[in-house]
Each structure stands twice: as structure tokens, then as C-alpha cells.
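Chemist: When you get a sec, could you build the whole thing from the sequences and use the hints?
Residues per chain, in single letters:
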Amino acid sequence: MDATAKSFKDQAKDGLENATLQDALGKLGFGFPLLRQMAADGLPEFDALRDQGRDIKNHVLEHLDYYLERFEEQVTGHGGQVHWCPTDGDARDAILKICQEARAKTVTKGKSMVTEEIAINAHLEAHGIKAIETDLGEYIIQLRNEPPSHIVGPAIHLNKEQIAGTFRSHHKELDPDRSLEEVPALVREAREVLRQKYIDADVGITGANFLVAETGSSIIVTNEGNGDLSQSLPRIHIVVASIEKVVPTLEDACTFLRLLARSATGQEFSAYTTFSTGPKRPDDPDGPEQYHVILLDNGRSDLLGTEFQDVLRCIRCGACMNHCPVYTSVGGHAYGSVYPGPIGSVLTPALAGIDQSHHLPNASTFCGKCEEVCPMRIPLPKMMRYWRERAFDQGQDPVAARWALAFWATAARWPALYHFGANVMTRLLHFMGKREGHLVRLPFAGGWTRHRDFPTPERATFQSQWRKRL
Amino acid sequence: MTSSDDLPPGDAAPAEKRANVALFVTCLVDLFRPSIGFATVKLLEEAGLRVSVPQGQTCCGQPAYNSGDRKNAMAIAKQTITALEPFDYVVAPSGSCAAMISAHYPDLMRADIQWSKRARAVAMKTFEITQFLVDVLKVEKVDARFEEDVVYHDSCSGLRELKIKSQPRKLLSSVDGLHFKELMDEEGCCGFGGTFCVKYSDVSNKIVDRKTQAIEASGAETLIAGDLGCLMNMAGKLSRAGSSVRVRHVAEVLAGMTDGPAIGEPQPDE
Ligand code: SF4
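These protein sequence lines are chains B and E, in that order. Letter by letter, the first sequence follows residues 1 to 470 in this note's numbering. Letter by letter, the second sequence follows residues 471 to 740 in this note's numbering.
Hints listed in this document are in silico derivations from the structure and should not be mistaken for laboratory results. Just to be clear, a hint being listed does not mean it is correct.
Derived EDC-like pairs: lysine to aspartate or glutamate, alpha-carbon spacing no greater than 20 angstroms straight-line [stated by the list, open to error]:
#, chain 1, residue 1, chain 2, residue 2
1, B, Lys27, E, Glu657
2, E, Lys669, B, Asp14
3, B, Lys280, B, Glu73
4, E, Lys669, B, Asp10
5, E, Lys541, B, Asp397
6, E, Lys640, E, Asp613
7, B, Lys9, E, Asp672
8, B, Lys13, E, Asp679
9, E, Lys635, B, Asp41
10, B, Lys382, E, Asp577
Modeler: Written out as C-alpha cells, the structure is:
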């Protein structure tokens, strides 16, 4: 996991100054919330489904070991294999071993955030195996050697001109005079380039939106159908999923599917929802010869039974970031982590350590919009506060802020003294700024006055005026 | 006066007249804009209540609570609970501070049985001013005049933690001469976020900039909201941008106390 979450402020500044990104974020912050709202309004039982989804996940998290074992039984029964991986390193090793045993040269990949989390591409590359992303967004950022900036739309930070430029510089074999002005042309080109790669690939790696304990199936949801090709054309299919993806039954999975697309993109259903259960059976017309499931823990089981357990309900719809005033201002790269936005601000400290990421849970206005739209009703702001408490206890925040807080808190605990001091300050500020009505500069408040004026206080505190009234 | 133990919870029947109300003035109103406090007192007194301002109050403790300083937050909460528990009701001219007391104190105190009981008792009788007037006192209209085109910004805590949405609008629509304009994304955060606005100044600026542009585009003459923190943030940004939009707290408008300068306007000597 990338540790640059530490430099959130610098990266946020880069994002704020990037005009293309700002343009993209403006569209995202307007469009997705509108679409989600329309989808939610169109389904009278949407909120009831959210309750149901939350309850199912809570139940699973209480009995996670049971459902994971059921899942494994089913996978094994169908001729597949489950690999239990406590850490990201274990997952990388397991995947590499499967690829090496298959003498794989290339691997095609469907979109998967967990494989970003374990940084599998670089690991395979280091061992001479080429991993090719097939989701359009992932493919683009792979060419550009950039991390994803959104968990649903990884290349959301780019405009079509940038993408056309990337294609021109990488697809050298194609006609240099071709037109790439419109989005369909870009999509067509990516499709054409990728088609042969599917056929050549020895192994297909996908993520999973859900794992079904009842049947041993993995489910992926896409809009491009690339995941289906990645998992059905190569000889070997590897599913990489984190442990909290398991749900009890197919019917439960459907509850989540009804919530997922509506929350993510405002669609009633994604274009492709694909269930895969084990390797090819003798009478199947196609399918992989081997079916592996990499079950990744990577710190998640440590959250069970803690104040952070609820975050494991997440179905990665991205609604929290689409609606977040901070995310839609700074973009995903500011977070320096695979998971940006509110979900990332809660999850990243769990995966990378709060010492590496204390800015993330702190950089929130606590407006509560994320919790309002989260289909799983995860109390994200509350959990960010819990991380702030841990960061505070470990002394992660800047010394000046700690001193200011300590000074203020001490004063606030001595009401008489506080009222006296407050009145002195108020009178002083009033005297300084009453003519203008606001102060343009103020000592110790540069953070405020850099961008805003400071409204001048009235002539004395309420408390002092009230005492006179009595 | 009824004792706090046998009070009906929250939005039960109309409150008994001459109930004893504590004004939780909030630290920002105390320091920067006492007229909001006086407007709140006026609204409560006109509704027939006896208003006190307990001296043991300072701040609700949110800056400590939201900075992860649980120890200081708890100490301040205990002091606030002690100051407020003798009253029938507690009313604050702020959704954020009212939510701190009514939604967060019980959680903050959950480890201590005695204190969590006291926190819950105070939480149950604490309200934001428009919520109190409409939901508890069943006030239908106010006697005030304000001949301006206005927009109303829903501050986040009040909106999402206390579900304050219709109450201020209901009362404001009874103000003579007041006319609502449409504000795009009226529920969108203004970027204040307490210490957030100074800790992450550039990000906050981007958020408030988006907000004030929408306010400008609405064509309103005055922006109204129920939280002074958000109001100062937006007023400061509007002022820096050279906007002529004025900014006022909802209590000032409802109490008819709009003769004085708006937030951030020059204050002539008395
Ligand atoms: S936290 Fe909620 S809103 Fe955010 S990605 Fe997860 S499920 Fe979606």
C-alpha cells in the first residue's frame, strides 16, 4: 500500500490547481448524485433494501468464518480451489505460483480494486509475466502508469483529449491519422487492441463483487463485458476477493445487486452481471480449466469486533466519494491510496496504519452526506472520528494544533475565566474591525483569512451583555 | 416548573407555558454575534417561556471531540450537562451544537453509566431553535417583517443529525415580505467543518467557493442559515469576492431583529 497518504495536503493542492481534473470533478459531482437520486426515487423500496442489505452484512460479519468455510466447501466441490491469504504478500505469492505453474506469459485482468491493493501487476511484471488491464479505465491508467482515482471510474480524472493522446503514443502500429475525437472511437480502438490479448492470455484475473457461500459462485458486475472475457477465455481463472465479500445465498446477492448499480451509477442494473461457479464441466461449451479464489484478509479480520467493524459492509459502489465535498474538490489521487474518498478515509488507516494516513480521516467536514447516501448505511463520519481519536492518542497531529486545542480546552473548562478572556478578545477584535465590518488579516488565523474575510464581532460577548441586562 | 424527570420527551405535546428554558448560546454566538442570542431569547420569551443563560456553559466541546481529544471533550460535556440539567428545555441557535448535545453526548459518555444517563436526559430535552418552536411549541408563524429575496442554506449537522429541513422554512415563509429564491444544491456542505476550515484551508476554500457561486447565481439579496460557523464562512467568502449578498442567522429574521448590520457589515458606533 502506498504511504503517500501522509502528503495529502500537497496532493490536494495539486488537485485543486489541475483545471482538467476540476472540470471532470465538476461533472462527476453533479451527474452521479443526480442519477443516483433518480434511480433511488424510482424504486419505492430502496431504503428498505438498504436496511436489508445492512442487516445481511451484519449477520455475515458475525459469522464470517462459517460463511467463508461454506464458500470454500462449495468451491472445492465444484473442482475449484480456495487460497487463504492473510496478507497482501501471501496473495501475491499465491497468484504468482499459479501463473508460474501454468507457464503463463500474459494475464488479462478485469477491474479489481483488491488487485490494486496488493499491487499484483508490478509483482507479476517483476517475474516476467505481463498483466494487461481490460477495463477501459484501468487500461488507460495502466498505459499512463497512474493509480486509479475512483473505485468505479478509475480514469475519471482524465478527459478524452488526454486519453486520445495516450492511445496515440502507445498504439504506434495504428494509422497515425485516425480520428480519436469522439468517445466511441476511443472505445472501439481499445476493444480492438485488447481482443487479441484475451485470446493470447494464459490466465484471467478478476475481482469479485460478491462471493456466494451457498453455491461457491463469484459475481462480477461490469458495464463493458471485459470481465467476462477475462474470466472465460483464458485457461485459468483466478478470482481475487477480500474476505468480507461473502454473502450467504444467491437471493442475498440479489438484494445487493439491486442496490449496487443504483448507488454507483444510477443504473438499475449494470450491463453485465456474471456468475461463475468452478471450472468448466465436461458438458460446458467453454470456461476455464482451473478456477482459483484468492481470499485476502490483509488486516480486515482485525477490524471484527472493533468500532470499525461496520466498514466491512462496504460494497464499493463509490457513492460516498461522488457525493463528498472533499473528494469532488481534490480528486482521488490526493488520498494517496487505492481507496479514496470517505470509504478510503476509514479503510486506508486500517490497511496502511493510522501513522501513515492520519490526514485522511481528519480531512473531512463531517457533513454526513456519505453516510446519507451509503447503501450499506455505514456511519463513515463516526468512524473517521474514531480514527482521529487514535491519531490524537498517538500524537500524530501537528504540535501547534495540539497546543492550540489544549489551550482552548483548558480555558473552556474554567467558565468564569473563559467568559472574561472571551470578552477581552471580542472587544479587541471589534475595535480592530468595526469600521470595515470584517478583517482581511488576523494573527494566528491565516488558514481562515488566506481565502476569506473574517466578519468583525459585535461590541462585547453575549455573556457580558446578558449579565448587564439582568 | 416541572422537574426534568417527568418531562415528555422531545416532540411530545405542546410544552407547558412558562417552562424554564436554558439558552445554550454556543461559543461562536457568544463571541462573534450576540444579537443571534438575543433574537433567540426574544423568540422564546414571546412564546411565553422563561429564559435563563446558565453561566457554567462555555462551548459544547465539539472542537475537542472532532479533533479526537476525547478526554477534554468529556470534561467539557460533563460541565455542560451539569449546567443544563436543571432546566425543562435547552435551546441553541445552532443545529451543530444542539446535535452535539442531543446526538453525540450520549455516545461520548457511553462508558460511564451514571454520566451516560445524565447525558441522555439532557439530550432528550435539547433542541435547535426552529426545531423547538415548530416541533415542540407548535408555533405556526412569527410576527416579523423582512422585505428581501432570500435563500436558505441547510447546515449539515442540523439537516442530517436533527432532520431540520421544513421547520425554518415554515417559519420564514410567515415573515412579511420575505420571498424565497431557489438555491442550487442547498443541502451541499459550505466547507466550514469547524477546525477543518483552517486545517485544510485550500480544500475548504474550494468548497465554499462553489457554495457562494451558487448563492450569487440565485439572485438572492440575503443568505439565511441556522449556524453561525457556516454563516461566517460564507459571509467571509462573499465579502472577499466583493459580493453584495448579505448574510443573517435565521433567528434574527424570525425575531424581526434585522435593523442592525448583517454579518460582516460595518458596525457604526452606538
Ligand atoms: S462506504 Fe458505502 S457509499 Fe462508500 S463505497 Fe462503500 S458502500 Fe458505497
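Chemist: Does each hint fit the structure? Answer for all of them.
Modeler: Each hint tested on the structure:
The suggested pairing of Lys27/B with Glu657/E holds, with an alpha-carbon distance near 18 angstroms, which does not exceed 20 angstroms. As the CA atoms of Lys669/E and Asp14/B are separated by approximately 17 angstroms, the hinted pair is consistent with the 20 angstroms bound. Between the alpha carbons of Lys280/B and Glu73/B the distance comes to roughly 18 angstroms, so the proposed pair stays at or under 20 angstroms and holds. Straight-line distance between C-alpha atoms of Lys669/E and Asp10/B comes to about 13 angstroms, which keeps the hinted pair within the 20 angstroms bound.
In summary, the hint linking Lys541/E to Asp397/B is supported, as the alpha carbons are separated by about 16 angstroms, within the 20 angstroms threshold. For the suggested pair Lys640/E and Asp613/E, the alpha carbons sit about 13 angstroms apart, so the restraint of at most 20 angstroms is met. A distance of roughly 9 angstroms separates the Cα atoms of Lys9/B and Asp672/E; the hinted pair therefore holds under the 20 angstroms criterion. Of the pairs offered as hints, the one joining Lys13/B and Asp679/E holds, with about 15 angstroms between alpha carbons and a cut-off of 20 angstroms not exceeded.
Between the alpha carbons of Lys635/E and Asp41/B the distance comes to roughly 19 angstroms, so the proposed pair stays at or under 20 angstroms and holds. Annotation: proposed proximity of Lys382/B to Asp577/E holds, straight-line Cα distance about 10 angstroms (limit 20 angstroms).
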